[in-house]
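Asks: Sequence:
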Amino acid sequence: MGFLERYTNAIYAVFRIVFGLLFAGHGAQKALGIGGPKMTQTLPLVAGWIELITGVLILIGLFAGIAAFIASGEMAVAYFIAHAPQGFWPLANHGETAVLYCFAFLYMAAHGSGIWSIDDVRLKGAARR
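Heads up: the sequence shown runs through residues 1 to 129, numbered per the working numbering.
For the record, the hints were derived by calculation from the structure and aren't laboratory data.
Hints are supplied without guarantee of correctness; some may be wrong.
What the hints assert, rightly or not - Between beta-carbon pairs, the in silico distance windows are:
hint, residue 1, residue 2, range
1, Arg-6, Leu-45, 41 to 51 Å
2, Ile-66, Val-99, 35 to 45 Å
3, Gly-2, Gln-41, 28 to 38 Å
4, Arg-122, Thr-8, 35 to 45 Å
5, Ala-82, Gly-33, 26 to 36 Å
6, Pro-37, Val-99, 18 to 28 Å
7, Thr-8, Thr-40, 36 to 46 Å
8, Phe-80, Arg-122, 33 to 43 Å
9, Leu-45, Ile-66, 17 to 27 Å
All values reported here derive from a predicted model rather than from experimental measurement.
No residue lacks a Cβ here, since even glycine has one placed at the ideal position from N, Cα and C.
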């Protein structure tokens with residue numbers, strides 16, 4: 001047994017919350033101009049709204065598995081559209097953040113919302129009825 005194994009659920013919840021917050025921040029910048037310039041081109045603007053909405057859903061744990069699946073796909077598309085044409089390796093094409101988000105969200109899509117989430121509260125409430 002690993003020394004942090006008893007905290008697995010709490011660590012996953014913090015992981016989900018932090019990634020959701022960071023992703024929502026990227027989306028808020030692109031879609032709303034918060035913390036940087038607002039995107040005016042269609043594709044980055046659409047990406048910004050996807051990032052903002054899925055980031056908030058992941059952050060609060062509402063349909064986080066579905067939101068994370070969409071976010072993972074968006075990051076895969078972003079990698080192949082924006083980064084891969086600049087070279088094969090993520091370190092060379094500056095796509096490592098997109099790759100990390102893609103696989104973190106793919107893991108979340110498989111795992112779901114977990115504890116400290118609206119889904120957890122909803123499921124516990126439904127079980128009591």
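Asks: Which of the stated hints cannot be reconciled with the structure, identified by number in ascending sequence?
Replies: The structure conflicts with hints 2, 3, 4, 5, although it agrees with all the remaining ones.
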